[in-house]
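Starting from the known structure of chain A, fit chain B onto it as the hints suggest.
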Amino acid sequence: MPNEPPATIFRRMTTPLVHEPSTIALTVNGDKRTIAAGTSLSAYLASLKLDPRLVVIEHNREILRDRDAYPSIVLGAGDNLEIVHFVGGG
Amino acid sequence: MTATPDLLATLDTPFIIGEREFRSRLMVGTGKYASNAQMIAAIEASGAEVVTVSVRRVDLDRSKDEGILHHLDPQRFMLLANTAGCFSADDTIRYARLARAAGFNEWVKLEVIGDQQTLLPDAAATIEATRVLAAEGFKVMAYTNDDLISALRLEDAGAVCVMPLASPIGSGLGMLNEFAIRTIKHRLGVPVIVDAGVGTASDAAIVMEQGVDGVLMNTGIAAATDPVRMATAMRLAVDAGRLAYLAGRMPKREVAVPSSPTTGMLDR
Chain A
10 MPNEPPATIF RRMTTPLVHE PSTIALTVNG DKRTIAAGTS LSAYLASLKL DPRLVVIEHN
70 REILRDRDAY PSIVLGAGDN LEIVHFVGGG
Chain B
31 MTATPDLLAT LDTPFIIGER EFRSRLMVGT GKYASNAQMI AAIEASGAEV VTVSVRRVDL
91 DRSKDEGILH HLDPQRFMLL ANTAGCFSAD DTIRYARLAR AAGFNEWVKL EVIGDQQTLL
151 PDAAATIEAT RVLAAEGFKV MAYTNDDLIS ALRLEDAGAV CVMPLASPIG SGLGMLNEFA
211 IRTIKHRLGV PVIVDAGVGT ASDAAIVMEQ GVDGVLMNTG IAAATDPVRM ATAMRLAVDA
271 GRLAYLAGRM PKREVAVPSS PTTGMLDR
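Chains as they are written, first to last, in the numbering used here: chain A, 10 to 99; chain B, 31 to 298.
Hint data in this document are derived by calculation from the structure and do not stem from the laboratory. Nothing here was measured: the structure is a model prediction, and the numbers come from that model. Incorrect hints may appear among the rest.
[As the list claims (entries may be wrong)] EDC-like mimics (lysine to aspartate or glutamate), calculated; alpha carbons at most 16 angstroms apart, straight line: (1) A:K58 to B:E239; (2) B:K169 to B:E136; (3) B:K62 to B:D256; (4) B:K169 to B:E158; (5) A:K58 to B:D91; (6) B:K215 to B:D177; (7) A:K41 to B:E74; (8) A:K41 to A:D77; (9) B:K169 to B:D145; (10) B:K282 to B:E239; (11) B:K169 to B:D256; (12) B:K215 to B:D186; (13) B:K169 to B:E74; (14) A:K58 to B:E96; (15) A:K41 to B:D91.
If we strip away everything but chain A, and leave its shape as in the complex, we get (with noise of 0.2 angstroms):
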């Protein structure tokens, strides 16, 4: 059918343009936070200078006890994290 528009052509006149947001709100340690839609959580905490061996996430109310996981964990818009640490304390 070599008449019909390509199908890229087709969609692009047909479906309305979807604005993928850039940024995504979140809140973090009991703040707002806004950061860049698509972030990992290893990268949201190297973007905080925080080593991941140092502290522990609490994500969505879940503890995340496998490291090795975070880059694969992507943050979306209404999460909750809780980042911890040991401080000194009886």
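Frame of chain A; chain B shown alone:
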């Protein structure tokens, strides 16, 4: 200056909790020090192997502390996470799980506070949290009142040791109820570590003279004018009290008994 560890080892019995042997009967906290350098110096002077730490949010703006693991080597000290500041079994369980996820060990110093003013423990909530965490494989060291029944229930719930208070946290009032502590020690099968209230070296010795297995303290050392000297004093006092207990003290009498011969006096 002090008995060598080798000598002490021959005079004392092994100190074992949850199948792990510990070299010091003195455990110390890491809070309230003027500086991290002072904390480390005091811990080293105390000879403690077990040091307690708390779980708190990281300061995201990094304006304050950077976390205690930058200063304490987990290879040198056994980090014992506490659940200080928790007022419910659920919160306590959450903090304990977070602490375990740090990946150092399965041990937790469980405290559920029942009252803001006195910081006295909520025994019922502590028992509930102990049951849950012990079933998850935690080695629970349970902070509690100087109350035999709570202590027995905690042992039943699976605590590897029970930690009755000498007096309220940070009070420095020393041992308020020797009878209660001795009774707990006599009746429990698991080790008894007195936690909280020790204000000075004599308090520590009196605690150990009751026959308990160990003592945990923080403010008694950290809030001393010279924490390093006090940590040394506490180490000696714990050893002294322990040895005095093992030695078996003389009976108390309400009358004097001469130490020197009453015969052979002149002009009699």
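Each hint tested on the structure:
1. A:K58 to B:E239: 49 angstroms, violated
2. B:K169 to B:E136: At roughly 6 angstroms apart (the allowed maximum being 16 angstroms), E136 of chain B and K169 of chain B satisfy the hint.
3. B:K62 to B:D256: The hint holds at about 13 angstroms.
4. B:K169 to B:E158: 15 angstroms, holds
5. A:K58 to B:D91: Status holds; Cα separation ~10 angstroms.
6. B:K215 to B:D177: At roughly 11 angstroms apart (the allowed maximum being 16 angstroms), D177 of chain B and K215 of chain B satisfy the hint.
7. A:K41 to B:E74: Violated. K41 of chain A to E74 of chain B sits at ~41 angstroms, over the 16 angstroms cutoff.
8. A:K41 to A:D77: 26 angstroms, violated
9. B:K169 to B:D145: Between K169 of chain B and D145 of chain B the Cα gap is close to 25 angstroms, so the pair fails against 16 angstroms, i.e. violated.
10. B:K282 to B:E239: 14 angstroms, holds
11. B:K169 to B:D256: 34 angstroms, violated
12. B:K215 to B:D186: 15 angstroms, holds
13. B:K169 to B:E74: 25 angstroms, violated
14. A:K58 to B:E96: 11 angstroms, holds
15. A:K41 to B:D91: Roughly 13 angstroms separates the two Cα atoms, so the pair holds.
Comparing the model with each numbered hint stated earlier shows that hints 1, 7, 8, 9, 11, 13 do not hold.
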